[in-house]
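Chemist: Chain residues, written in single-letter form:
Number of protein chains: 2
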Amino acid sequence: MKTVSENRCFGGVQGVYSHASSSCACEMTFGLYLPPAAQFGRVPVLWYLSGLTCTHENAMTKAGAQAIAAQCGMAVCFPDTSPRGKSVADDDSYDLGQGAGFYVDAAQDPWAPHFKMWSYVGDELPALLVDAFPIEPDQQAITGHSMGGHGALTLAMRRPEQFASVSAFAPIANPTASDWGRKQFTAYLGADESDWEGHDATLLMRDKGFDGAMLIDQGAEDQFYELLRPASLSEAMAARKQDGTFRINKGYDHSYFFVSTFMEDHVGFHAEALGL
Amino acid sequence: MKTVSENRCFGGVQGVYSHASSSCACEMTFGLYLPPAAQFGRVPVLWYLSGLTCTHENAMTKAGAQAIAAQCGMAVCFPDTSPRGKSVADDDSYDLGQGAGFYVDAAQDPWAPHFKMWSYVGDELPALLVDAFPIEPDQQAITGHSMGGHGALTLAMRRPEQFASVSAFAPIANPTASDWGRKQFTAYLGADESDWEGHDATLLMRDKGFDGAMLIDQGAEDQFYELLRPASLSEAMAARKQDGTFRINKGYDHSYFFVSTFMEDHVGFHAEALGL
Chain A
1 MKTVSENRCF
11 GGVQGVYSHA
21 SSSCACEMTF
31 GLYLPPAAQF
41 GRVPVLWYLS
51 GLTCTHENAM
61 TKAGAQAIAA
71 QCGMAVCFPD
81 TSPRGKSVAD
91 DDSYDLGQGA
101 GFYVDAAQDP
111 WAPHFKMWSY
121 VGDELPALLV
131 DAFPIEPDQQ
141 AITGHSMGGH
151 GALTLAMRRP
161 EQFASVSAFA
171 PIANPTASDW
181 GRKQFTAYLG
191 ADESDWEGHD
201 ATLLMRDKGF
211 DGAMLIDQGA
221 EDQFYELLRP
231 ASLSEAMAAR
241 KQDGTFRINK
251 GYDHSYFFVS
261 TFMEDHVGFH
271 AEALGL
Chain B
1001 MKTVSENRCF
1011 GGVQGVYSHA
1021 SSSCACEMTF
1031 GLYLPPAAQF
1041 GRVPVLWYLS
1051 GLTCTHENAM
1061 TKAGAQAIAA
1071 QCGMAVCFPD
1081 TSPRGKSVAD
1091 DDSYDLGQGA
1101 GFYVDAAQDP
1111 WAPHFKMWSY
1121 VGDELPALLV
1131 DAFPIEPDQQ
1141 AITGHSMGGH
1151 GALTLAMRRP
1161 EQFASVSAFA
1171 PIANPTASDW
1181 GRKQFTAYLG
1191 ADESDWEGHD
1201 ATLLMRDKGF
1211 DGAMLIDQGA
1221 EDQFYELLRP
1231 ASLSEAMAAR
1241 KQDGTFRINK
1251 GYDHSYFFVS
1261 TFMEDHVGFH
1271 AEALGL
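One line per chain: the protein sequences are A and B, in this order.
Quick note on numbering: this note's numbering labels position 153 of the first sequence as 153, and the sequence is numbered without any gaps.
Quick note on numbering: this note's numbering labels position 98 of the second sequence as 1098, and the sequence is numbered without any gaps.
Don't read these hints as lab results, they were simulated from the structure.
This one's a predicted model, so the numbers in the text were calculated from it and none came from an experiment.
Mixed in with the good hints there might be a few duds.
[Unchecked claim] Only pairs whose alpha carbons sit at most 20 Å apart, straight line, appear in this in silico EDC-like list of lysine to aspartate or glutamate:
{"no.": "1", "chain 1": "B", "residue 1": "LYS1002", "chain 2": "B", "residue 2": "ASP1131"}
{"no.": "2", "chain 1": "A", "residue 1": "LYS62", "chain 2": "B", "residue 2": "GLU1006"}
{"no.": "3", "chain 1": "A", "residue 1": "LYS62", "chain 2": "B", "residue 2": "ASP1265"}
{"no.": "4", "chain 1": "B", "residue 1": "LYS1062", "chain 2": "A", "residue 2": "GLU57"}
{"no.": "5", "chain 1": "A", "residue 1": "LYS250", "chain 2": "B", "residue 2": "GLU1006"}
{"no.": "6", "chain 1": "B", "residue 1": "LYS1062", "chain 2": "A", "residue 2": "ASP253"}
{"no.": "7", "chain 1": "A", "residue 1": "LYS62", "chain 2": "B", "residue 2": "ASP1253"}
{"no.": "8", "chain 1": "B", "residue 1": "LYS1208", "chain 2": "B", "residue 2": "GLU1197"}
{"no.": "9", "chain 1": "A", "residue 1": "LYS62", "chain 2": "B", "residue 2": "GLU1057"}
{"no.": "10", "chain 1": "B", "residue 1": "LYS1208", "chain 2": "B", "residue 2": "ASP1195"}
{"no.": "11", "chain 1": "B", "residue 1": "LYS1062", "chain 2": "A", "residue 2": "GLU6"}
Could you build the full structure based on these sequences and the hints that come with them?
Modeler: Now the structure itself:
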């Protein structure tokens, strides 16, 4: 693993690291914020999964998570959103290929050799973090924005033993019924829609829900409201009596100005769930 | 004036606007955060002047000022760092020309026709803001980072009637004795060093100081420590018995991770000076 950069931030360290990923078969880069408390022992980690077109860097510089993470004594990890590189397949559109991994393990060519973001974020990177940094393996929480909210919700519902809590900012909530989902699942997973079901937060909510509290924030003026399909997830949460909060925020759009506004609430929510 | 974008942020609005500047004789872009309190009447404004290579956007997305500005009921204005455009003179180096206005009114060619950032930030933009937004003209404070810290300190010390308080993050503190200053002052102001004196925070501190409190934060691991010359300003503040705080912060560098860490302290400092 290589250290790309380390900057002091709110008494802790905002690092950027790269490593040869076995899941994605390419070099991958991630950001990791370690709070001041990490100097004295292992700390819990909050995973922040980013949205379409983002790298590890966007949320790390714009979401404002470090201030509250420092106070709570929680690490925050910012993975990239896809494999990268000249030898990695790509597409001209912004919502497929590099920058658009959708947190699935691709089974179709040309994506299958590298696009294994489900395994990368769910297995490989957690193991690497616990090995290389003072991260407590049994105290993980997960959140994300847009495509990353989709990733956070689907990972948490299918791996409740791994994640103590889950939240999302304007998640792609029902991708099997959206142009943000059907196109990508067809490309990555194939045309058999039964293979898509484990990657749709609304379907997973109907099927199993999450054993713990869940926090969803959605901007009412989100320019992608129709693509995100928040009503499907909200309905499914209420139908299941899922413990949690689904909040519609008047005036807010899809940008990091929205994410940063509610970041303190989300980090605080996870800190409470983790007993901090 | 044109609205480039407006995003809801911490209950207020983060806007970006452009206008034909009479001082700079070109189109100029700035960011303005209006807190929730601006819905009900005029609010004070904190000017945030950015550093070399920055536009209006860097601090607006990375410095994390909006959260605390919203709480304090204070607007924050993020001007650009120079005139811009194809018809505006430029230089291949990062520290001269576009992105490097140094907050002076250039008197030398080829810079004189457009590089009037002293007048732009000090006169034109405040008047525009008061005219177009609910900004209280008699409640202005100023801060900045690096080259912008230099701008903030020099504007405040020479215009104490305009700015109730001043602070700076890692300011270029003594440019007449630094390669970050001598090169640019020669180009913009000419070879007569007596014309530079009104644009050097250390010399102004020795000459007049500031009638009010002053807050300076400097990272101990700043990669530009020698160019910034913090010791000159610190010595001058102590020699004058300037009311204020000069803080050296162990481990911090020159990045926005440093700025964002101390932003809450600075906004709070200005809020107190403004009686909020």
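Chemist: Hinted pair, alpha-carbon criterion (20 Å max): LYS62 (chain A), ASP1265 (chain B). Please report holds or violated.
Modeler: Distance of about 19 Å is within 20 Å: holds.
Chemist: For the pair we were handed, LYS62 (chain A) and GLU1006 (chain B), check the Cα-Cα distance against 20 Å.
Modeler: holds, 17 Å
Chemist: Quickly compare the C-alpha distance for LYS1208 (chain B) and ASP1195 (chain B) to 20 Å and report which way the hint goes.
Modeler: holds, 17 Å
Chemist: Given the hinted pair LYS1062 (chain B) and GLU57 (chain A), is their alpha-carbon gap at most 20 Å?
Modeler: holds, 11 Å
Chemist: Compare the distance between the alpha carbons of LYS1002 (chain B) and ASP1131 (chain B) with 20 Å, and conclude whether the hinted pair is satisfied.
Modeler: holds, 14 Å
Chemist: Quick one, are LYS1062 (chain B) and ASP253 (chain A) close enough, alpha carbons at most 20 Å?
Modeler: Given that 20 Å is the threshold and the Cα spacing comes to 18 Å, the pair holds.
Chemist: With the threshold set at 20 Å, check whether the alpha-carbon distance from LYS1208 (chain B) to GLU1197 (chain B) stays at or below it.
Modeler: Distance of about 12 Å is within 20 Å: holds.
Chemist: Is LYS1062 (chain B) within 20 Å of GLU6 (chain A), Cα to Cα?
Modeler: OK: LYS1062 (chain B) and GLU6 (chain A) at ~17 Å, within 20 Å.
Chemist: Sort out whether GLU1057 (chain B) lies within 20 Å of LYS62 (chain A), counting only the CA atoms.
Modeler: holds, 11 Å
Chemist: Holds or violated: are the alpha carbons of LYS62 (chain A) and ASP1253 (chain B) at most 20 Å from each other?
Modeler: holds, 18 Å
Chemist: Holds or violated: LYS250 (chain A) with GLU1006 (chain B), Cα cutoff 20 Å?
Modeler: Holds, because 14 Å separates the two Cα atoms, which is no more than 20 Å.
Every hint from the earlier list agrees with this structure, and none is contradicted.
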